[in-house]
Amino acid sequence: MKKMMVVLVLSSLIFSAFTQETLRFGLFPLNDAKTMMRLFSPLAARLEEATGRDIRIYSAPDKETFQQRTLNNQYDLVWTSNAYYLDAHTGAGWTAILRGIPSFRGIVMVRKDSGIETLEDLRGKKIGGISAISLAGYLFLRNDLADLGMVPERDYEMEFYEMAESIPFRINSGTVDAGVFSEDTLVRSGLLAAIRDNLKVIHSSVAIPQFPLAARPGLDPGLAATIQDALGGVTADSSALGRSLSELNLEGLEAVGDGDYEEFRQLYLKTREYSREEKGL
Amino acid sequence: MILSLALVMLFLSVFLLFLFSRQLKDLAQARLMEMGNLISTSVASGAMDPLFNEMYVSLAENIAEASRYPDVSSLSIVNRDGVVVASTDDSLTGTMSEDECREERIIHDHEIHFCHPVSLYGQDLGYVSLTLSTARMDQELHTLFIRWGGSMGIISLVILAGALVYINRLTRPLREILDVTRAVARGEFSPPRLSRGFYELDQIARAMTVMTEAIGEREKHNRQITREKTELSDYLVSIMNSISWSLAALDNQGRVVNWNRSFKDLLKSAPENIQGKSLENLLLPPFPAGQLQSAVVRGEELKDLPVVCHQDCADPRFFSVSLFPLRFQERTGAVLLIEDVTKRKRIDAALAEADKMFSLGGMAAGMAHEINNPLSGMMQTAQLIASRLRPESPKGRRALNSLGLDDGAVFQFLEDLEVFPLLETINDAGKRISGIIRNMLRFSRKSDGIFESFGLEELMEQSLELAVNDTYGSEGLWFRRISIVREYSPAPVVVSCDYGKILQVLLNILKNGAQAMREASHVRDGGYQPRFILKTREKDGRGIIEIEDNGPGIPEPIRDQIFEAFFTTKKAGEGTGLGMSISSAIVREDHRGALRVESNGASWTRFIVELPLCAGEDAGGLGENHQA
Chain A
1 MKKMMVVLVL
11 SSLIFSAFTQ
21 ETLRFGLFPL
31 NDAKTMMRLF
41 SPLAARLEEA
51 TGRDIRIYSA
61 PDKETFQQRT
71 LNNQYDLVWT
81 SNAYYLDAHT
91 GAGWTAILRG
101 IPSFRGIVMV
111 RKDSGIETLE
121 DLRGKKIGGI
131 SAISLAGYLF
141 LRNDLADLGM
151 VPERDYEMEF
161 YEMAESIPFR
171 INSGTVDAGV
181 FSEDTLVRSG
191 LLAAIRDNLK
201 VIHSSVAIPQ
211 FPLAARPGLD
221 PGLAATIQDA
231 LGGVTADSSA
241 LGRSLSELNL
251 EGLEAVGDGD
261 YEEFRQLYLK
271 TREYSREEKG
281 L
Chain B
1 MILSLALVML
11 FLSVFLLFLF
21 SRQLKDLAQA
31 RLMEMGNLIS
41 TSVASGAMDP
51 LFNEMYVSLA
61 ENIAEASRYP
71 DVSSLSIVNR
81 DGVVVASTDD
91 SLTGTMSEDE
101 CREERIIHDH
111 EIHFCHPVSL
121 YGQDLGYVSL
131 TLSTARMDQE
141 LHTLFIRWGG
151 SMGIISLVIL
161 AGALVYINRL
171 TRPLREILDV
181 TRAVARGEFS
191 PPRLSRGFYE
201 LDQIARAMTV
211 MTEAIGEREK
221 HNRQITREKT
231 ELSDYLVSIM
241 NSISWSLAAL
251 DNQGRVVNWN
261 RSFKDLLKSA
271 PENIQGKSLE
281 NLLLPPFPAG
291 QLQSAVVRGE
301 ELKDLPVVCH
311 QDCADPRFFS
321 VSLFPLRFQE
331 RTGAVLLIED
341 VTKRKRIDAA
351 LAEADKMFSL
361 GGMAAGMAHE
371 INNPLSGMMQ
381 TAQLIASRLR
391 PESPKGRRAL
401 NSLGLDDGAV
411 FQFLEDLEVF
421 PLLETINDAG
431 KRISGIIRNM
441 LRFSRKSDGI
451 FESFGLEELM
461 EQSLELAVND
471 TYGSEGLWFR
481 RISIVREYSP
491 APVVVSCDYG
501 KILQVLLNIL
511 KNGAQAMREA
521 SHVRDGGYQP
531 RFILKTREKD
541 GRGIIEIEDN
551 GPGIPEPIRD
561 QIFEAFFTTK
571 KAGEGTGLGM
581 SISSAIVRED
591 HRGALRVESN
601 GASWTRFIVE
611 LPLCAGEDAG
621 GLGENHQA
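So the protein sequences, as listed, match chains A and B.
With the numbering used here applied, the first sequence corresponds to residues 1 to 281, in that order.
With the numbering used here applied, the second sequence corresponds to residues 1 to 628, in that order.
No lab work stands behind these hints: they were computed from the structure.
Be careful, since some hints might not be right.
[As the list claims (entries may be wrong)] With beta-carbon atoms standing in for the labels, derived distance ranges: (1) B:R68 with A:T22: 34 to 42 Å; (2) A:G259 with B:E34: 44 to 52 Å; (3) B:H110 with A:S131: 27 to 35 Å; (4) A:S246 with B:R68: 30 to 38 Å; (5) B:S42 with A:T22: 23 to 31 Å; (6) A:S189 with B:S42: 32 to 40 Å; (7) A:E263 with B:E34: 39 to 47 Å; (8) B:S42 with A:E21: 43 to 51 Å; (9) A:G259 with B:S42: 43 to 51 Å; (10) B:L38 with A:G259: 51 to 59 Å; (11) A:T22 with B:E34: 46 to 54 Å.
Glycine is no exception: its CB is placed at the ideal position from the N, C-alpha and C atoms.
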């Protein structure tokens, strides 16, 4: 018995030492391992530098598995989507400590000569969006149209295009009457400058924050603060981390708390509610 | 050479087999390691996402697919926590120490272990542990080496055979060229044409052929020139040697540099004792060697210096020595000419003797003519006496009657005194003298080329008579002691001849035979009877006279020499050596006959004279002249 105790103590010490030294960093499965490693290894390196811990990056074969692992606290830190963060925060107590900047908005654009001025004018129109699950590329508009009593298929027709940059051109060409997409789409494509003057924004969403970096519940608060101190204020400069941030369309990182996601939480909840309604749940 | 080549080929094959076997093994091992790297890299590449995403189920498919590669002994994927997350070996479960994958590649006896880390941008995701078996490689290498060794052996044999054929073909023109070169060296300039070879060899062969032909032509020309020179030289030497004069070429110091056979015979010295020797060392007195030597040095010409040599010979020998300066290109010297004039001297003496004899003959003829006249008167007077003393003579009777003598008594008186036989004797003697004189006149008469028909018996008898009367003193007595055996042909054999010359021939043979038999009598016992056997006969259209004596015979070595001029076995002063030579010339040249001698070299000698028969003439034609 005594020996068993010794083994348990030693095992505990070894596990403690292992956990003390290594941080498991989970990444929302957006891309393949190579791309994810390329994009986030500079961040991991900065975290190792800041914390003095060994950072191991993990991901998951799919979002659900990732979220499940997150909820199971298999990671110490996660870089995850806003919706999953909110679910993890609500379900498991994960805390946002950093996020990218700037936030962005979803916008609704029409041709200036289309005669569409309000959301009501979209009734019976054909609207181009990014995808049925895109918050900035569809869901926020659906929410606002639903608030006006307009439902898809019945009151308007949705057409989704995976390439967001194509939607303004489709508006300009008259393929669709209106388009909904992230406002930064106009910034990313220089080609849109030629048709920009033909279009106008008739509606936009609330600010949608970038993916947060969340900490596992129970993680040393000092460690979280250290991370916030070390990485908060990092900008997309010429450093390896800066270049990675640029590739992630981020201008920098900022320290945040869970309260900074309240506005988005409302949007998220409305969206989830309308989605359930659509599904008849 | 072929054995050496085979050994080199064998050694080279073994060396190459050894060298390439090592290299091939290294290469195969490198290939295996490359394959291992490829497999492990491929598996590692495929394991990135599963390891990153900690989704290990798909790794089993990667493992199963990779394990289908040959030589894969075991394949495992270990995550960054050291947990074996996929493996072909079910026994490998749990954790695996990183020490087991400390080295990237570990080569054991029959295995190669690979440990391929899986990492991205400095982030370790785990590693791939791969073990390849070298058994198949070793087996294949073993099989390959066996096949390769066998193939190398076969190839070596084929190459060797090909090389032999090729070398044979390559070297055949060279050997032929060598043969041609040797043939040319031996002086054979018509070797077989060289066979065609490779281009360069063909060119060499052509050049060699052209060169050989050119050399052959030149050699042929040179040989022609050399032969002509040799022939000319031999011809000149033959000319020099055929000259009876002794010739010697001298340098400007009087040393002999060249000579002919007569000169060598004169000196009786070997060539090595003549070459380069001065005249003073070669010519003994009475030759004026000093005088000749001085003349050579001074370049003087000497002509007809008479030299008489009495040394080592019973007969004196006479020489005429001349010296002529010689200039040949840049060289000077002289030509020495020594002529043996002994024969000429003898001929001169013989001619003088003949002239004297001719004079004596003419005088004898004149004397015979003067004797003949009173002899005729004496014989006529004797006949007249006998006629007048006979009883039937009217003039005798008238004389007896006038004297009143009884003729019967007188005649009886004469009978008693044998006057008539005496007178007859006188008359016979006169006739005999008359015959002798007639023969002498005939013999001594100068030949005028008139041929007459004579019986061989008559010629033989008259020759005997001349021989008896030609000898005098002891010679005459001796001749009369010789018995004559006549075996004449029963039928007359008539030939056409110059009477005087044929008598001279027969007389010469008889006198020589008589003299030989007289010498034989000196060494034989007292019962020796000299004898001539005289035969005449006709054979094959020729009249043949044989005169055989029983003298000492003629030895074989000199039997043919007796017809040469100046050859004699007689003592000095007893003969000129011209008798038989002249006789042979008379018979052969003047009469187109033959004169031969036979002898046993000991006890007899037989001379055979063959003369053409007098065609169409019979014995009744005797004494009728005809022109030869």
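We went through each hint and held it up to the structure:
The hinted window of 34 to 42 Å between R68 (chain B) and T22 (chain A) holds, with their beta carbons roughly 36 Å apart. For the pair G259 (chain A) and E34 (chain B), the supplied restraint of 44 to 52 Å is violated, since their beta-carbon distance comes to about 59 Å. Take H110 (chain B) and S131 (chain A): their Cβ atoms lie about 57 Å apart, and the range 27 to 35 Å is violated. Checked against the hint of 30 to 38 Å, the pair S246 (chain A) and R68 (chain B) fails, with Cβ atoms roughly 44 Å apart.
Evaluation of the 23 to 31 Å hint for S42 (chain B) and T22 (chain A) yields a pass: the beta carbon distance comes to about 29 Å. A beta carbon spacing of about 38 Å between S189 (chain A) and S42 (chain B) agrees with the range 32 to 40 Å that was offered as a hint. Judged by the Cβ atoms, the range 39 to 47 Å given for E263 (chain A) and E34 (chain B) is violated: they are separated by roughly 59 Å. Distance hint check for S42 (chain B) and E21 (chain A): the Cβ-Cβ separation is about 33 Å, which falls outside the suggested range of 43 to 51 Å.
Separation of G259 (chain A) from S42 (chain B) is about 49 Å and conforms to the stated range, judged on CB atoms against 43 to 51 Å. Checked against the hint of 51 to 59 Å, the pair L38 (chain B) and G259 (chain A) passes, with Cβ atoms roughly 54 Å apart. Hint check: T22 (chain A) to E34 (chain B), Cβ distance near 36 Å, so the stated range 46 to 54 Å is violated.
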